[in-house]
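There are 4 protein chains.
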Amino acid sequence: MNTSYGSFAIIGGDKRQLFCARSLSDDGYAVTLGGFDSIARMKNVEITTPFEAALMSEVIILPLPCLDSKGLIPAPFCRENITLSDDLITAMKGKKIFCGMKQRLESSCSLLTPYLYDYYEREEFAVCNAVATAEGALEIAMRNFEGTINGAKCLVTGFGRIGKSLMKILTSLGADVTVSARKPSDLAWIELMGAKAVRTDELYKEGPYDIIFNTVPAHILSCVLLAKIALHAVVVDLASGEGGVDKYAAERLGITHIHALSLPGKAAPKTAGEIVKNTIYHILEEDDR
Amino acid sequence: MNTSYGSFAIIGGDKRQLFCARSLSDDGYAVTLGGFDSIARMKNVEITTPFEAALMSEVIILPLPCLDSKGLIPAPFCRENITLSDDLITAMKGKKIFCGMKQRLESSCSLLTPYLYDYYEREEFAVCNAVATAEGALEIAMRNFEGTINGAKCLVTGFGRIGKSLMKILTSLGADVTVSARKPSDLAWIELMGAKAVRTDELYKEGPYDIIFNTVPAHILSCVLLAKIALHAVVVDLASGEGGVDKYAAERLGITHIHALSLPGKAAPKTAGEIVKNTIYHILEEDDR
Amino acid sequence: MNTSYGSFAIIGGDKRQLFCARSLSDDGYAVTLGGFDSIARMKNVEITTPFEAALMSEVIILPLPCLDSKGLIPAPFCRENITLSDDLITAMKGKKIFCGMKQRLESSCSLLTPYLYDYYEREEFAVCNAVATAEGALEIAMRNFEGTINGAKCLVTGFGRIGKSLMKILTSLGADVTVSARKPSDLAWIELMGAKAVRTDELYKEGPYDIIFNTVPAHILSCVLLAKIALHAVVVDLASGEGGVDKYAAERLGITHIHALSLPGKAAPKTAGEIVKNTIYHILEEDDR
Amino acid sequence: MNTSYGSFAIIGGDKRQLFCARSLSDDGYAVTLGGFDSIARMKNVEITTPFEAALMSEVIILPLPCLDSKGLIPAPFCRENITLSDDLITAMKGKKIFCGMKQRLESSCSLLTPYLYDYYEREEFAVCNAVATAEGALEIAMRNFEGTINGAKCLVTGFGRIGKSLMKILTSLGADVTVSARKPSDLAWIELMGAKAVRTDELYKEGPYDIIFNTVPAHILSCVLLAKIALHAVVVDLASGEGGVDKYAAERLGITHIHALSLPGKAAPKTAGEIVKNTIYHILEEDDR
Chain A
66 MNTSYGSFAI IGGDKRQLFC ARSLSDDGYA VTLGGFDSIA RMKNVEITTP
116 FEAALMSEVI ILPLPCLDSK GLIPAPFCRE NITLSDDLIT AMKGKKIFCG
166 MKQRLESSCS LLTPYLYDYY EREEFAVCNA VATAEGALEI AMRNFEGTIN
216 GAKCLVTGFG RIGKSLMKIL TSLGADVTVS ARKPSDLAWI ELMGAKAVRT
266 DELYKEGPYD IIFNTVPAHI LSCVLLAKIA LHAVVVDLAS GEGGVDKYAA
316 ERLGITHIHA LSLPGKAAPK TAGEIVKNTI YHILEEDDR
Chain B
66 MNTSYGSFAI IGGDKRQLFC ARSLSDDGYA VTLGGFDSIA RMKNVEITTP
116 FEAALMSEVI ILPLPCLDSK GLIPAPFCRE NITLSDDLIT AMKGKKIFCG
166 MKQRLESSCS LLTPYLYDYY EREEFAVCNA VATAEGALEI AMRNFEGTIN
216 GAKCLVTGFG RIGKSLMKIL TSLGADVTVS ARKPSDLAWI ELMGAKAVRT
266 DELYKEGPYD IIFNTVPAHI LSCVLLAKIA LHAVVVDLAS GEGGVDKYAA
316 ERLGITHIHA LSLPGKAAPK TAGEIVKNTI YHILEEDDR
Chain C
66 MNTSYGSFAI IGGDKRQLFC ARSLSDDGYA VTLGGFDSIA RMKNVEITTP
116 FEAALMSEVI ILPLPCLDSK GLIPAPFCRE NITLSDDLIT AMKGKKIFCG
166 MKQRLESSCS LLTPYLYDYY EREEFAVCNA VATAEGALEI AMRNFEGTIN
216 GAKCLVTGFG RIGKSLMKIL TSLGADVTVS ARKPSDLAWI ELMGAKAVRT
266 DELYKEGPYD IIFNTVPAHI LSCVLLAKIA LHAVVVDLAS GEGGVDKYAA
316 ERLGITHIHA LSLPGKAAPK TAGEIVKNTI YHILEEDDR
Chain D
66 MNTSYGSFAI IGGDKRQLFC ARSLSDDGYA VTLGGFDSIA RMKNVEITTP
116 FEAALMSEVI ILPLPCLDSK GLIPAPFCRE NITLSDDLIT AMKGKKIFCG
166 MKQRLESSCS LLTPYLYDYY EREEFAVCNA VATAEGALEI AMRNFEGTIN
216 GAKCLVTGFG RIGKSLMKIL TSLGADVTVS ARKPSDLAWI ELMGAKAVRT
266 DELYKEGPYD IIFNTVPAHI LSCVLLAKIA LHAVVVDLAS GEGGVDKYAA
316 ERLGITHIHA LSLPGKAAPK TAGEIVKNTI YHILEEDDR
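These protein sequence lines map, in sequence, to chains A, B, C and D.
Read left to right, the first sequence gives residues 66 to 354 (this note's numbering).
Read left to right, the second sequence gives residues 66 to 354 (this note's numbering).
Read left to right, the third sequence gives residues 66 to 354 (this note's numbering).
Read left to right, the fourth sequence gives residues 66 to 354 (this note's numbering).
So here's chain A without its partners, still in its complex pose (with noise of 0.2 Å):
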């Protein structure tokens, strides 16, 4: 990476973004990170206030998402609530700024722009997410189930980008995967790749599973679905928002069933750091051409 700008500041954040400035640091940049005062010290990295770090730096990178419901920067490490103040906003003006979910960021202040970018909206950040999730779901499954994945009978259901990856995942450990899906190329694929397909709305046909992994954001695993595919199963739902499974249905039914959002930062908070890093680099490298 040659990038013209030398100096970033972390503004808010978790151990995601900490492992973002570890990263950046180790790649020869001036860091310096706002808003972690919790933090005693980090070896070639700063530690300030979000004004100064704003000040100092001429990439400021915000955390996601870049401001929560009650309008302020996500701060676990900070004491203090970190708002987006007048000051801030002066320091971080006619700078390039990187966060997640701009558009929070668009309505509560117009004036940052024009050089602000939303990282989380880029595919390739959404890719390799994709794999650090499969990763962290893999892990919850392991922890719940009481057999191997060699051997265990798994479902997946949908063939996005988690999908895809489980599906690889799984079957390289010799897991006996069946992937569901609704598209009939998707479900070629799918059996090309080594598993066993099965549509949509076919799933009441086949199981019980040992494990099972959605990926869909619709409540597809039912009552009645889950009492015929998953009652012996480990039930790990990476579908955002409400999930799609029927909690109170599987409550009733005994089954194990997590609930697992946000997995990279929390799973693989290196990793997660260095994807928002490396995609903010691609995004600088393009405005340079």
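Some hints could be false.
Identical copies go unnamed one by one, so any copy, or any two together, can satisfy a pair.
[Stated by the list, open to error] When the alpha-carbon atoms are kept at most 25 Å apart in a straight line, the in silico SDA-like pairs for lysine to any residue are as follows:
{"id": "1", "residue 1": "Lys331", "residue 2": "Glu211"}
{"id": "2", "residue 1": "Lys331", "residue 2": "Arg106"}
{"id": "3", "residue 1": "Lys248", "residue 2": "Glu351"}
{"id": "4", "residue 1": "Lys158", "residue 2": "Arg208"}
Keep in mind that the hints were calculated from the coordinates and are not lab data.
Based on the hints, put chains B, C and D in the right spot on chain A.
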């Protein structure tokens, strides 16, 4: 499996033996548990005293090891000690007895023969448990390492059964895998199977690693080597006995270090129990021939 | 497969269509061949004229393409030309007709509708043929390259269906695989799946390669690039039409260069015929719903 | 590789030895060919008589086997016979000599020792050639089978080096793979690695297969077994000597049957030559230690 034996007693043992019982019962055999009095009930399986269980069954299954250092049959699910009493010996006499580490039994009671078998001695038992051990080691690594396995720099020392299983699992998850061995032919296999090979006496030349799995039961990960290749690594030591890592050095150096023993029974008791069952089936089949 | 149609006519086509007939017949359907008069006999399959075949069957299957540049139905196993005569059209009228590139048929006879289907247009047809193409390309590479694929430095240009299939095959055989693409998200997938990624506009920076597979239908392998990265390589060009390799340059440079088209039908006619059959089944099922 | 020897003579041999010469020369060593007078020239490599080549070099490399049944050094690129003349023996005396099947040389001339090494005896030579053999066998299967390997029902008899390599290659290409073995531990490995295991004495119970690879040097594919499991199969026999297939039965039954010997040298002479070189390097290194 078609065996002429219809009834099995599981006397003593932990979760692994319970799953062995479960699996035997699911195959249609009459199963009686002895030494599990803290288990209230189990579908289709009778729970009674060791003596009664032995008396009622044609085949007796003892745990691994069959006797602990005090000469008792290990029975964590039993409130009382299970001794190899004269009554129990009489009840088992002339029956087929399966156990782990049979030499411990032979020394204390020579009456039991000639039908005493050791499933732990069987090569296929070791092979299947190696895969379960490798998966358990992966789970430990995932829990302790802050990045993903995909892209992580991993070292596996030793190219025995567990080393081979780990190499396969880690390469298929996309790790950057190095395996150490001594024999040129092992080094050749390692390279041909897609990992990097390093000679055991040249371990110090490579690294540093993110994750190190030791399978060699000798102190190869000395203080000097740890400082050179493991300073920021998660070290999972799978070697039996004292392990292969200088623990005091690891602690002084602040290295995350886990000595993980008996992983199959702990991380995957269901699979471990099925491995016991399958090995017993093999021995019975061979005997029948 | 449960379809209410019981009789199929295969009119025209090569080995692929013969295997399609074989496979339909093995599934229990009545199959009649028309336009295969150089075939003496085929078990359980009737061989007759195109007209009779069409008359006797509920479903008609035409080859890919259904008409050649002269307006004839391609029929290498027939001594005479098969024209789309008025008689033949009448015999097919009102029946379900499956073909490849149906627009060629629509323009010349609009009477045939409304039951005219194009299996070649279907996404799952393309997916399955991509895997067959990748295998055919591997076979060509093996025949022409004097080393093993294991350890060979391979380039795959393009990350479409065929590029993805080739990447999977080559990495799993232990090749050192580089894949070129444009989109950052494709480059991310490539790296995550265990290959090296290179941007299409930076192809000149890597290499040289032992084997190059081109899947991009644009002249990307120019004289300059060939001289830089392909001088000692076997080049397998899979791009349709003119291909993606500067043939004259390749010849001048003495590069082994194979332009391989229609690989599924040539290298794996049995699988290719089954793909035709399965795609037709899917269309019939969807129609029934 | 750091060896104190700077000059190598390649005396006799086929394309494999030529690639060995090429590779040695590329590593920076002085290489002289003897017994290749139908080769006009080779970059950076001198071509002369066997006697001169031996005289000029510190290390002598003879082919595999080093002597044929007539006592000549095999030399397909030489118009004249190469005998182990007194002159040649004198020129080689006291030098390091590498060959395949050294016992043939020992019997005819005991003067050459003590520096006579056999690369063919080395385990890593066999391992690397097993992978090359497996690839060559795959190529033959692809050429002769009319479907894709993906989805094909394949049998591999024997779980030695070649069987292991074939199992890995075929499963990773998506074939439906069965491997036969005798030992329960081998059967366990096979299942754990994702293939189906069948006991050698129960081969008749499974099948029929699309492709059969035999690696067992015993007549296991008898007439009865062929008729049962191989009637429509492509049979690739890799067993040395007489092979493991009843050829006359295979012919009578109309089974496509290829007895493929010495595949590494034929299908991948470049890799085969590099394997010779690497094995020689290992031996020299061990000697130096």
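Structure-based check of all given hints:
no., hint, in the structure
1, Lys331 with Glu211, "both (23 Å within a copy, 9 Å between copies)"
2, Lys331 with Arg106, "within (22 Å within a copy, 39 Å between copies)"
3, Lys248 with Glu351, "between (34 Å within a copy, 11 Å between copies)"
4, Lys158 with Arg208, "neither (47 Å within a copy, 41 Å between copies)"
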